[in-house]
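Q: Each chain, letter by letter, is given below.
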Amino acid sequence: ETGVTQTPRHLVMGMTNKKSLKCEQHLGHNAMYWYKQSAKKPLELMFVYNFKEQTENNSVPSRFSPECPNSSHLFLHLHTLQPEDSALYLCASSPYADSPTDTQYFGPGTRLTVL
Amino acid sequence: EDQVTQSPEALRLQEGESSSLNCSYTVSGLRGLFWYRQDPGKGPEFLFTLYSAGEEKEKERLKATLTKKESFLHITAPKPEDSATYLCAVRASNYQLIWGAGTKLIIKP
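Which chain is which? The protein sequence lines are A and B, in order.
Under this note's numbering, read the first sequence as residues 259 to 373, first letter to last.
Under this note's numbering, read the second sequence as residues 102 to 210, first letter to last.
Calculated from the structure, these hints are not laboratory results.
The reader is advised that the hints may include incorrect statements.
Chain A side only, calculated, beta carbon under 8 angstroms to chain B, not exhaustive [what the hints assert, rightly or not]:
id, residue
1, K298
2, K299
3, P300
4, L301
5, L303
6, L348
7, A355
8, P358
9, T361
10, Y363
11, F364
12, G365
13, P366
14, G367
In this text, a Cβ means the ideal position worked out from N, Cα and C, and glycines have one as well.
The following block holds chain A by itself, in its conformation from the complex:
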């Protein structure tokens, strides 16, 4: 595996389900990110982890719960979601979260549909 991988690629869940999204980066980076992408809207930053520590939480509802066990893996635990949470969820990584020159590299995303 190379780059940033995400599983599953597609997920359909009911409003009462609990599911998790997984992201793994094979780039040796120290920072990882979760973004939400809705149609015709800018990417919304959800969470940032730098060296496994959460450094940003952009007012994300508590029904989204991130977990970063090490610098290579990132999870997004989902529970009691709403239909408006349906979107493409993107994971990204970069060498550091606070560098002025680093580039973020993205995974393919998980297409989430909440019924």
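Chain A is already provided as a structure; the job is to place chain B on it using the hints.
A: Just chain B now, kept in the frame of chain A:
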């Protein structure tokens, strides 16, 4: 407030017809402007980073330029495989990226 605006929202061109996409921004303390390409069902793919006004970068048929208020992505003699959504983002003073909504580019053969 930091903000990024991309125009047009969508652009249809004939193969070989050159054009430009615009990304205008307001940000306190620009720490870089990024261009990405996104194909349907995929994550954004990095293209360029620009750091200062007057800087230019090229890659195949694409050239990105930067002024103090905006960036342009020039596409010369595009091919159908250049069809994608092009995203612009600026790095703010807190190092996070502020994104535009993208320009969907369609190149007809």
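Q: Should the hint that A/G367 touches chain B count as held when the rule is a Cβ pair under 8 angstroms?
A: Cβ of A/G367 sits 5 angstroms from chain B, so the hint holds.
Q: Does A/L301 hold up as a contact with chain B if the rule is Cβ-Cβ below 8 angstroms?
A: Holds. Min distance 4 angstroms.
Q: Does A/G365 hold up as a contact with chain B if the rule is Cβ-Cβ below 8 angstroms?
A: For A/G365, the interface hint holds, since the closest Cβ of chain B sits about 5 angstroms away, which is under 8 angstroms.
Q: Given A/A355 as an interface hint, is its Cβ closer than 8 angstroms to any Cβ of chain B?
A: Check passed: Cβ of A/A355 comes within 7 angstroms of chain B, closer than 8 angstroms.
Q: Using the nearest Cβ pair, does A/P358 come within less than 8 angstroms of chain B?
A: 5 angstroms, holds
Q: Grab the minimum C-beta distance from A/K299 to chain B and call the hint holds if it beats 8 angstroms, violated otherwise.
A: 6 angstroms, holds
Q: With 8 angstroms as the cut and Cβ atoms as the points, is A/L348 at the interface with chain B?
A: 5 angstroms, holds
Q: Using 8 angstroms as the Cβ threshold, decide whether A/P300 counts as touching chain B.
A: 4 angstroms, holds
Q: Closer than 8 angstroms between Cβ atoms is the bar; does A/F364 clear it against chain B? Give me holds or violated.
A: 3 angstroms, holds
Q: Quick check on the hint: A/K298 CB to chain B CB, less than 8 angstroms?
A: Since chain B brings a Cβ to about 6 angstroms from A/K298, closer than 8 angstroms, the hint holds.
Q: Tell me if A/T361 is really an interface residue toward chain B, meaning its C-beta lies closer than 8 angstroms to one of theirs.
A: 5 angstroms, holds
Q: Closer than 8 angstroms between Cβ atoms is the bar; does A/P366 clear it against chain B? Give me holds or violated.
A: 5 angstroms, holds
Going down the numbered hints, you'll see the structure goes against none, and every one checks out.
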